[in-house]
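For the sequence shown, position 143 (counting from the first letter as 1) is numbered 143 according to our numbering, and the numbering increases by one without interruption.
Calculated directly from the structure, the hints in this document are not laboratory data. Keep in mind the model is a prediction, meaning the values are calculated, not measured. Don't take every hint at face value.
Stated by the list, open to error - Straight-line alpha carbon distances no greater than 20 angstroms define the calculated PhoX-like cross-link-like pairs of lysine-lysine that follow:
| id | residue 1 | residue 2 |
| --- | --- | --- |
| 1 | 281 | 308 |
| 2 | 281 | 291 |
| 3 | 6 | 63 |
To be verified - Pair by pair, the computed Cβ-Cβ distance ranges are:
| id | residue 1 | residue 2 | range |
| --- | --- | --- | --- |
| 4 | 367 | 117 | 24 to 32 angstroms |
| 5 | 90 | 300 | 52 to 60 angstroms |
| 6 | 305 | 98 | 38 to 46 angstroms |
| 7 | 188 | 351 | 32 to 40 angstroms |
| 8 | 237 | 183 | 26 to 34 angstroms |
Ideal Cβ positions, reconstructed from N, Cα and C, are used throughout, including at glycine.
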Amino acid sequence: MPKKKKIVVKIGSSLLANSDRLTLRYAFMNGLMSDLAQLQKEGHDIILTSSGSVALGLNMIGKRPEDAGIMDKQAAAACGQPLLMNAYRQVASEHGMGVAQMLVTAGDMEERRRFLNIKNTMMRLLESDIMPIVNENDSIATHDLRVGDNDRLSAKVAQMIEADLLVILTSVEGLYDRDPSDPDAKFISEVEDVSQHLESTTSISALGSGGMLTKMQAASMAQHAGVETIIADGIIERPISSVLNNERRYTRCLVTGETATPLKIWLSNRLQVSGTLVVSKDVAAAVITGKCGINRSNIISIQGEFTKGDVLHVYDEDGTEVARGLTNFSSEETMLMARHLDMPVEDVIGYKTKSDVIAAENILVLEETHLPLDAPEDDQRVVVQI
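Using the sequences and the hints given, assemble the complete structure.
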């Protein structure tokens with residue numbers, strides 16, 4: 001292969017665990033680790049994001065995937081994660097590889113300081129030729145706090161380390177224009193705009209928390225971070241290198257256009273909403289031009305409880321998300337400033353500042369290809385109408 005690369009590999013539960021017996025598929029794991037060890041010897045930096053802890057732990061608590069609730073899955077993850085990592089450690093040692101475990105939550109990935117700390121740890125491990133194995137901390141994650149699935153987690157990791165390539169191994173060869181069980185389904189080998197294909201991908205595997213939809217969402221996130229994505233069948237022999245050497249077919253999601261700055265990339269790939277601001281259509285149009293930030297007089301309503309440095313989602317009056325940006329104030333300060341426009345800011349919040357609520361340089365204007373987030377329902381968030 002050409003130059004040395006940073007490669008993020010994502011493996012799903014359906015490849016790692018037998019769906020009937022809920023036991024580890026050692027043949028696949030051995031083939032995977034053998035291939036990754038060879039790529040590492042060639043000088044590539046490899047990070048593995050791996051599902052499987054919940055599937056492997058369900059037997060221990062006497063549950064089947066279709067019957068397991070949130071608490072069952074949390075308990076299963078606590079049981080299954082040591083089994084999974086012990087297997088990875090044993091198989092990796094047979095191939096001369098060192099591995100390290102990193103468990104993360106959505107909060108870790110979306111709070112800027114923790115995000116950078118995770119990145120620093122990963123980069124230090126790579127310097128020592130140790131492969132990080134990343135998984136969502138399912139034993140404490142709930143529906144509201146989840147990264148979403150390990151597909152999108154892998155994209156966040158690829159963004160974090162500024163990877164060259166994200167490889168998502170799954171149970172099909174790649175993307176089709178419709179359900180692959182349809183005899184008229186056509187294989188798509190190359191994708192320029194991932195967002196155009198999101199509607200045709202809805203199936204979910206028995207063990208996994210996501211299907212092709214989440215893989216394409218991950219590819220969209222990676223695309224905006226300047227990372228090419230490959231979606232391919234998780235075969236046993238040389239599952240990664242056979243794709244990198246074009247020995248079998250797969251779907252390649254290309255990187256198009258200019259890549260944004262790391263800060264803007266981090267702002268774009270949000271999976272949670274800390275808080276939202278609603279502004280008028282005129283203000284939204286001005287924000288889109290990139291010529292202004294958002295000050296207290298621009299705000300129509302506020303949703304959520306947030307602190308300084310959180311990422312806010314900016315919507316127009318029709319509920320369309322137009323931008324995301326770092327707030328300079330807490331929700332309480334923002335509310336007070338917006339409600340008392342006739343008073344100097346220092347009299348309202350107790351200190352002098354000339355800052356906008358969101359400064360222009362800390363705003364990312366969403367393009368059509370970004371994944372939008374629906375505005376939170378009023379009954380789910382604290383709503384403060386100005």
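Verification of the hints:
1. 281 with 308: 25 angstroms, violated
2. 281 with 291: 15 angstroms, holds
3. 6 with 63: 38 angstroms, violated
4. 367 with 117: 24 to 32 angstroms: Once the Cβ atoms are compared, 29 angstroms apart, the range 24 to 32 angstroms for residue 117 and residue 367 holds.
5. 90 with 300: 52 to 60 angstroms: Holds - the Cβ-Cβ distance for residue 90 and residue 300, about 58 angstroms, lies within 52 to 60 angstroms.
6. 305 with 98: 38 to 46 angstroms: 42 angstroms, holds
7. 188 with 351: 32 to 40 angstroms: 55 angstroms, violated
8. 237 with 183: 26 to 34 angstroms: 29 angstroms, holds
Hint compliance for this structure: hints 1, 3, 7 are broken, all remaining hints hold.
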